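Peer 1: Each chain, written out:
There are 2 protein chains.
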Amino acid sequence: MSISLIKSHKNFDGLTSFYQHESSATKTTMRFSTFIPEGEIKNAIIWLSGLTCTEENFISKSGIQAILKDSDTMIICPDTSPRGLQLAGEHDSYDFGSGAGFYLNATTDGYRDHYNMYDYIVSELTDILKTEFSVANYSIMGHSMGGHGALVLGLKNPQLFKSVSAFSPIVNPTQCPWGQKAFAGYLGSENEANWSSYDATEIIKAGGARGDAILIDQGLDDEFLQEQLLTQNFSEACEKHGQKIELNYREGYDHSYYFIATFLKEHIELHLKSF
Amino acid sequence: MSISLIKSHKNFDGLTSFYQHESSATKTTMRFSTFIPEGEIKNAIIWLSGLTCTEENFISKSGIQAILKDSDTMIICPDTSPRGLQLAGEHDSYDFGSGAGFYLNATTDGYRDHYNMYDYIVSELTDILKTEFSVANYSIMGHSMGGHGALVLGLKNPQLFKSVSAFSPIVNPTQCPWGQKAFAGYLGSENEANWSSYDATEIIKAGGARGDAILIDQGLDDEFLQEQLLTQNFSEACEKHGQKIELNYREGYDHSYYFIATFLKEHIELHLKSF
Numbered sequence: 014m015s016i017s018l019i020k021s022h023k024n025f026d027g028l029t030s031f032y033q034h035e036s037s038a039t040k041t042t043m044r045f046s047t048f049i050p051e052g053e054i055k056n057a058i059i060w061l062s063g064l065t066c067t068e069e070n071f072i073s074k075s076g077i078q079a080i081l082k083d084s085d086t087m088i089i090c091p092d093t094s095p096r097g098l099q100l101a102g103e104h105d106s107y108d109f110g111s112g113a114g115f116y117l118n119a120t121t122d123g124y125r126d127h128y129n130m131y132d133y134i135v136s137e138l139t140d141i142l143k144t145e146f147s148v149a150n151y152s153i154m155g156h157s158m159g160g161h162g163a164l165v166l167g168l169k170n171p172q173l174f175k176s177v178s179a180f181s182p183i184v185n186p187t188q189c190p191w192g193q194k195a196f197a198g199y200l201g202s203e204n205e206a207n208w209s210s211y212d213a214t215e216i217i218k219a220g221g222a223r224g225d226a227i228l229i230d231q232g233l234d235d236e237f238l239q240e241q242l243l244t245q246n247f248s249e250a251c252e253k254h255g256q257k258i259e260l261n262y263r264e265g266y267d268h269s270y271y272f273i274a275t276f277l278k279e280h281i282e283l284h285l286k287s288f
Numbered sequence: 014m015s016i017s018l019i020k021s022h023k024n025f026d027g028l029t030s031f032y033q034h035e036s037s038a039t040k041t042t043m044r045f046s047t048f049i050p051e052g053e054i055k056n057a058i059i060w061l062s063g064l065t066c067t068e069e070n071f072i073s074k075s076g077i078q079a080i081l082k083d084s085d086t087m088i089i090c091p092d093t094s095p096r097g098l099q100l101a102g103e104h105d106s107y108d109f110g111s112g113a114g115f116y117l118n119a120t121t122d123g124y125r126d127h128y129n130m131y132d133y134i135v136s137e138l139t140d141i142l143k144t145e146f147s148v149a150n151y152s153i154m155g156h157s158m159g160g161h162g163a164l165v166l167g168l169k170n171p172q173l174f175k176s177v178s179a180f181s182p183i184v185n186p187t188q189c190p191w192g193q194k195a196f197a198g199y200l201g202s203e204n205e206a207n208w209s210s211y212d213a214t215e216i217i218k219a220g221g222a223r224g225d226a227i228l229i230d231q232g233l234d235d236e237f238l239q240e241q242l243l244t245q246n247f248s249e250a251c252e253k254h255g256q257k258i259e260l261n262y263r264e265g266y267d268h269s270y271y272f273i274a275t276f277l278k279e280h281i282e283l284h285l286k287s288f
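Line by line, the protein sequences are chains A and B. Each residue of the first sequence is one higher than the one before, starting from 14 at the first, in my numbering. Each residue of the second sequence is one higher than the one before, starting from 14 at the first, in my numbering.
Just chain A, same shape as in the assembly (with noise of 0.2 angstroms):
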């Protein structure tokens, strides 16, 4: 395994920069960006973005760098699907393939052979992390399509991560269109039993639990809570088995980055505080 650097810019005494690796999870070439501060580094925030995004957003306009720049911990934002490939249906709509890799493991004709991106985060990612960037301690979150991955990542993972929080997350993506579409075509319609085992309230309800509180903020002006995001759904689950949850639904506040940076650094410091 070898990353090479693609670009880097100084910011904020440290570095932001993008990288590029040829991924054995996904057989293709692989794009992520980093901030990392000044210093000695020990632990990373793996990001998760949402539909349509690449590796670039988030770092380019979430303002992390500045509630980073002086802390040991780096964050790692990995692109939200293969690229470069022409698969059946790939890149007709914004809500499935290119973009929209939903964090699972598809096992549908030719997604299988590249959409892991389950294995591409969980091991490959975090191999990076420990081999290039010599870090010994993880933790994740994301947003939308990114918050589903980060709360079933997280939930399935509580070992590896050490905190996981969320913004505007898909908690129950079984029981909205953006999941079932993605399901359908990752994972076939003929296996809606396996689905659940990327769907974070079903997770819940099926005995997974972390012994840590899972921080979620959730505006109440998003355009996708009542059809797509479902936060209800999840809150309850946790509520009946006993999943500590911090749930913060904001007023007037919608599912935009202008959201995310108005409270990431209540989430970095949950973050830092874990490792």
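Just so you know, these hints were derived from the structure itself, not from any lab.
Treat identical chains as interchangeable: a pair holds within one or across any two.
Restricting the straight-line Cα-Cα distance to at most 35 angstroms, the calculated cross-link-like pairs of lysine-lysine (DSBU-like) are:
id: 1; residue 1: Lys40; residue 2: Lys74
id: 2; residue 1: Lys175; residue 2: Lys286
id: 3; residue 1: Lys143; residue 2: Lys74
id: 4; residue 1: Lys257; residue 2: Lys175
What you are looking at is a predicted structure, and each value in this text was computed from that prediction instead of being measured.
Since the structure of chain A is already known, use the hints to place chain B on it.
Peer 2: Same frame as chain A, but now just chain B:
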């Protein structure tokens, strides 16, 4: 005059918004963005962006909202040129025409009817700030081409703008390729004598000055420093003619928004102090 709201995002308890209006200076529909913190607003900082930018770059990438959130000061970010026209040569290159208005009043055929970004900022936008946002004090800052704009507008209107600062400004446009191309296209090759009235270094040489110090940050790894920005020319003219400047050369920093974000807080502190 009336402005209409395109969209608004709640952000650090305030609002990041996008507006459009019919401009008398450009005879086109112009757009601008704002961030208005919660509470009463007394002052406005005008941000002028660089080549290829729109009203969105700075407001989405700089982290300005986290800095202004507890102040009584808004920021307003106009687009960098008129839009929606089809003038000869207007859309052929990134450094002339659309996205490259250079904050002057054009005199050449076609352009003189619309490319009046000087009047647009100095008269029309400040009028909008007064009548639509009830703001009493203004200051001005910008980046690259917008740094040129901030210096020129600030030097020509020392009473109107309470303070001036710039990141990576084009300080001597009559002596660099970007400026020469733009001034030839907007002001005419036969009118080189008029060019100096839009050149910050020439304005200083001709006796123009402000009583306060101008703040400039310039990255030493900026790829445009030697050929286009010519920072030294302005610095020497200011020293010779008694204009106070605080010029910070920043080792390792480039021309990007990652550079701007790093030192933005220091610039904003200067502006807030001037009101």
